[in-house]
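Visitor: Here is what each chain is made of, one letter per residue.
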Amino acid sequence: MGAVTRVNGPLVEVEDLAGAAMFELVLLGPHKLPGEIVTLSGSRATVQAYEYTGGLAPGDPADRGGAPMSALLGPHLLGGVYDGLLRPLTGAGPWLDPAAPPPTPAARAWGFTPLVEQGRKAARGTVIGRVDDAGSLPYLILSPGGEVSAIRQAGRYPHEVAVAVVGGTEVRLTRRQPVRRALPYASRLEETVPLTTGQRVVDLLLPVCLGGTAAVPGGFGTGKTVLLQQIAKWCDADVVVYIGCGERGNEMADVVAELAELTDPRTGGRLSDRTVVIANTSNMPMMAREASIYTGVTVAEHFRDMGYAAVVIADSTSRWAEARREFASRSGALPAEEGYPADLASALAAFYERAGRVTTLGGATGSVTIIGAVSPPGGDLTEPVTAHTERFVRTLWALDRDLAYARHYPAVSWRESFSRDTEALTQGAPEDAARRARVGGLLAEADRLTALAELVGAGALPARERIGLLAGRLLREGFLQQSALSKQDAYCRPERTALIADALLAIVARCQDLVEHGVSAASVEDRDFSPILRAKEAPGEEVVARCDIVLNELETLR
Amino acid sequence: MTAWAPVEHTSVGELRGPLIVVQGVRNVGWDEYATIVPESGERRHGLVLDVDRDLAVVQVLEGTGGLKAESTRVAFTGSPLRIPVGAGWQGRVCNGRGRPLDSGPPIFGDDSAPVTGFPMNPTMREPPAEPVITGVSAIDALTTLVRGQKIAIFAESGLPHLELAAQVAAQAHTGGAPFNVIFAAMGLTHADAAMVRDTLERRSSAAELTLLLNLADDPVIERLLTPRIALTVAEHLAFDLRRHVLVVLADMTSYCEALREVSAARGEIPARRAYPGYLYSDLASIYERCGRIRGRPGSITVLPVLSMPAGDITHPVPDLTGYITEGQILLTREVATYPHIDPLSSLSRMMRAGVGAGRTQPEHLDLAAQIQAGLSRARQAGELADLVGESALSAADRSYLAMAQAFGTRLLAQRPDEARTLRETFERAWQVVSTLPRRELSMLSEEALEARYRGTS
Chain W
1 MGAVTRVNGP LVEVEDLAGA AMFELVLLGP HKLPGEIVTL SGSRATVQAY EYTGGLAPGD
61 PADRGGAPMS ALLGPHLLGG VYDGLLRPLT GAGPWLDPAA PPPTPAARAW GFTPLVEQGR
121 KAARGTVIGR VDDAGSLPYL ILSPGGEVSA IRQAGRYPHE VAVAVVGGTE VRLTRRQPVR
181 RALPYASRLE ETVPLTTGQR VVDLLLPVCL GGTAAVPGGF GTGKTVLLQQ IAKWCDADVV
241 VYIGCGERGN EMADVVAELA ELTDPRTGGR LSDRTVVIAN TSNMPMMARE ASIYTGVTVA
301 EHFRDMGYAA VVIADSTSRW AEARREFASR SGALPAEEGY PADLASALAA FYERAGRVTT
361 LGGATGSVTI IGAVSPPGGD LTEPVTAHTE RFVRTLWALD RDLAYARHYP AVSWRESFSR
421 DTEALTQGAP EDAARRARVG GLLAEADRLT ALAELVGAGA LPARERIGLL AGRLLREGFL
481 QQSALSKQDA YCRPERTALI ADALLAIVAR CQDLVEHGVS AASVEDRDFS PILRAKEAPG
541 EEVVARCDIV LNELETLR
Chain R
1 MTAWAPVEHT SVGELRGPLI VVQGVRNVGW DEYATIVPES GERRHGLVLD VDRDLAVVQV
61 LEGTGGLKAE STRVAFTGSP LRIPVGAGWQ GRVCNGRGRP LDSGPPIFGD DSAPVTGFPM
121 NPTMREPPAE PVITGVSAID ALTTLVRGQK IAIFAESGLP HLELAAQVAA QAHTGGAPFN
181 VIFAAMGLTH ADAAMVRDTL ERRSSAAELT LLLNLADDPV IERLLTPRIA LTVAEHLAFD
241 LRRHVLVVLA DMTSYCEALR EVSAARGEIP ARRAYPGYLY SDLASIYERC GRIRGRPGSI
301 TVLPVLSMPA GDITHPVPDL TGYITEGQIL LTREVATYPH IDPLSSLSRM MRAGVGAGRT
361 QPEHLDLAAQ IQAGLSRARQ AGELADLVGE SALSAADRSY LAMAQAFGTR LLAQRPDEAR
421 TLRETFERAW QVVSTLPRRE LSMLSEEALE ARYRGTS
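If you read the protein sequences in the order shown, they are chains W and R. Take 1 as the starting number for the first sequence in the UniProt record's numbering and just add one per residue. Take 1 as the starting number for the second sequence in the UniProt record's numbering and just add one per residue.
Hint data in this document are derived by calculation from the structure and do not stem from the laboratory. You can take every hint at face value.
Among the chain W residues that face chain R by a calculated CB cut under 7 Å, a handful are:
1) T90
2) P377
3) G378
Chain W is nowhere near these chain R residues, computed Cβ spacing over 10 Å in every case:
4) E70
5) P84
6) A206
7) L393
8) G408
9) D417
10) E447
Beta carbons: idealized from backbone N, C-alpha and C, even for Gly.
Excised from the complex, chain R in its bound form:
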């Protein structure tokens, strides 16, 4: 901070969409943070998108509504946006720009960090290897979250993906290690935001939660900042304060639409479905901030949540997300009960390293594989039964249908406020496989079967 007040520019030449063009600027750098003061005196904020000699194009986070070219003043801060970081974020509720909404004081920190972050050196990354327990059986048993991983929740529209994300955020833990949740809401409705706040109430009062709320009627452009603030706070908590941090980003489709709006306003050449050509790089700059660093105890697990427009997984947002994340949890209407997780289309790429003896249960991977193989077989048998009638099925096929049934009721179905321990999840998983005759369970070891199989044959 210099002792001098920053130069205020009053020569706004053009206002277009969320952009203003300021003339006569000097020494303004690209991506610099700016303050915009309209006639009314309220303060708005912006980022420099383009500097060309003495012209600066500034994207106004709160939008340009009501701004007048002749009376708007703009000041530049001299650097890209930095925010204070530190333990003070714990237990706070803020807007999408990190300003308090909980009538608390502004957040200060011992340190500050640029919201764009720095890329993590790939050679300093520690490959993820320990689980985050979510208390949701279908996730813990079949698509285990691994600390430092990024995994997406994709949902067909109308499904309670937000409830599931909130439930995971409320229940998740790392078995005693210090744990924090940062929930970044982007474009959520007031009703959804209220649900999230209610669900996370206990976590919030334990000062383990940071809630960043950019609501549907909040400035659209502000959405571009919300996930970056969340991750900047997370990086400090994880890698300086040695905590395990779960960052939930909901809804990434709203975020991408905001990015498209800005791109269109800038007159950029559109790529697929008018999303900008750099959507992949932009999403990567968010999702890739997950991870662990060699020799440091903390971790950042990133859980992007997004609705698939028209249920289409090849839509650019889920498609590019899938290319960057390490797996997905897919919610489908075909699964009739909450949490609607499709066990066959869901996948955790990091699970192999994150479960097993000393982490969850020794037989975890085999058990998951056995359940998935059984469900796949049951799906085939179900299709056959639709064609020829169930009576024509073999006894083995019928046992697989019974197993799928048991999976749906015993393991998958769960109330949104029900937290299951790992022990209970495995208990239920064994009940599911025990509906199959023992000779069908070729993926499980003899020892495991001896100890835990409850079936009749």
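If we strip away everything but chain W, and leave its shape as in the complex, we get:
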């Protein structure tokens, strides 16, 4: 039993902790507040507490937890809402008092089906059983490796019961897993497979692949949270882990309510049956916010190991970095850029590197895709968290305040964003590559022309260039803008995305052709393009018909 000697906010110094290990869990004071050892010097330790430490005093007891900070994984995860340490918030009462005993998952029994026979060998990571009433997917129980010396018959069992003994180890439905170290896998896969998000600007211009990494930097009011929520709702992953890391409580409440209401287009069940929400909002304990990122990725890796595609959405990684800065500053670490600790870049890299599409230990294919929001102070994209994040992610969706103020949502800037996976993803799909190149080219040209038109006036530009401006407008309004509030438009299937893009490209090509043949730019601009601009609100089969209406109308100019 150790004793507290110093308390300064979440920084707690403890003596007489002989035998303790770095990152071991420590329980502080009479209320057993959890904390983690971050410095060891002989038997003295510096502990970062995960809860508010008001009232904790020198002389209070401190107990070794015996293991690093761990999260409870199990069939209860899907459909639940948890705090940064993965303790359930559902059913925890309206106020979170650190002195109250920590909530545990509701006691219930799960329907277990064995999938191996007693006496067989089950290699590490292979499936030995399944639980079918734990969300929209079978929850798989994986082998720790060895001979199955006992396994229970199909039936309902409470979570703490051992359902099998494999290689001398009891296997339960739930288990504790340290969160700061990545779960192992057999090998990384090189081949790229797209993650479909249902957001046109992302899927066509700036795609992300399964096992890829993406970051969304943007100042406040640019629509980060809405874009991330859209992806959480509609991307075609098996499991979505949504981490509210130091963000607004009312928005978290909104996400939870919406996920519970919306229907999963693939399974017909509720969307929340495939999501795990980690809600450590901005006024919940700061160090639990720091941990929430790791618990979230650990949950995703856990489902990856069952052979599923998991997506982690972290809103926002800046708050995580700030929590690290705050603690570093209290513990007297030498600051690097803007007060962040010197390990900011390596910590960010290590976080994003936990993404990947892999062959699991059991031979299945699974993936963890990480999408992190970045909240740059003052909207300054050169600040350290944004700058380092840009180096480590493969896709960047930069949100632009000017676009947001013009009510262009999602306000993804096509100039400042990038995706380093586009080529790999369109190999063997030349049509996709051509479509992407053409839309990107037209947007870039329109940007150049807009700058020019602001100097000399659009009327002074030659006809061809005026059509270039028109093309930019059509693509922005008819394709890039997508309403998160519209039932029809919130989600756009890839085929529909291609269809709308092709329709707009065909119209632009016709306009260009007309002015080449002497039709005045003004008369082309005067045509009514609204049928195609509103096509995104129309049912799928109508897009082509609407395109034809506009093309026919243009034909009258000849």
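Given chain W, put chain R in place with the hints provided.
Guide: Here is chain R on its own, set in the frame of chain W:
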């Protein structure tokens, strides 16, 4: 309370800025509340910032001026600061620490609560969905306050943001449901405080107001406590006494400067513009105390008011505030008339859920969107007119300029003592859109236009 008088410590080792270091303490916890008694016998108060074995660093709320190391006595209360809570706060005027300034008795309550509060469980939050009517047309029509929301008023310096906050505090109501206002002033001048008191006189005499006044010449450190006391009182009124509470926090820039002062005195490593690295967490611990709880009738709406130093919205205080609040009302000098609200830069993120049929008016969202789209178009037309002259504009562009003009005079402009009903606000909003030709009003439904459009074409 124990029967024994608390141990008084006399071994003050060091005095530095607002901090004193007390030696030889035992069982003193972090964030504990302390009483400091100097030679003169007056009582001061403090919070424990750091405990290291037998040393406690105490931040003195009233400042350390005049304290002597050898004659100052310090007693610790054994727990973080708690205040009494209850209906007794209604109709009272207190200083920034909650001590009466209105020559009334000290405030007692049936219960007490820690001023730091507890975080609200996100799963127990009810998403905000009903409006608070402010009687200010530009707010009610375009950036409606929603019960349980937090929304900030940002102002370029010299603009009457405080008048606007006081007007909202004086006029706001929830259509008959029990309603309270808690106005927490931080670092206000005496003149400003007098204006606030005058404006809120009627509300105060109806016992619907709690006024906490930390003035510019009051102790700076006390400012750190003022908003927390306000919110602790509010939580009890809202969630135990089932009232809808509006908490106005003015001026948050003064609050943040006080936080910076303490941080500097503690020798912390500064972050942006020397504000501490935990400014975001600290502001969140205040603003996030807004909300509603599932299954309980009350609500807390938080309205932080702050001047943007040098008019800079990327300054850390407005920037971090904007990251936490659910929208902002921006006052700009470019809008020449009171209340100076810039309709295009102002935003209420919760408005979508809080207005419409059964709440305000069925066409409310469409009407707001139509006005904003029109103003945006008018702004472009105005810029073009500056370049090429108004005569070169198209007829449509000219109608948008007329619409913007009507918006400024009919809807936006309002006297600081003028309370408009929702009905009147919508009447005026329809007059504004009716300056546009009907074919331009694509965002409004045919039914709504049929019923309320007054234009000529």
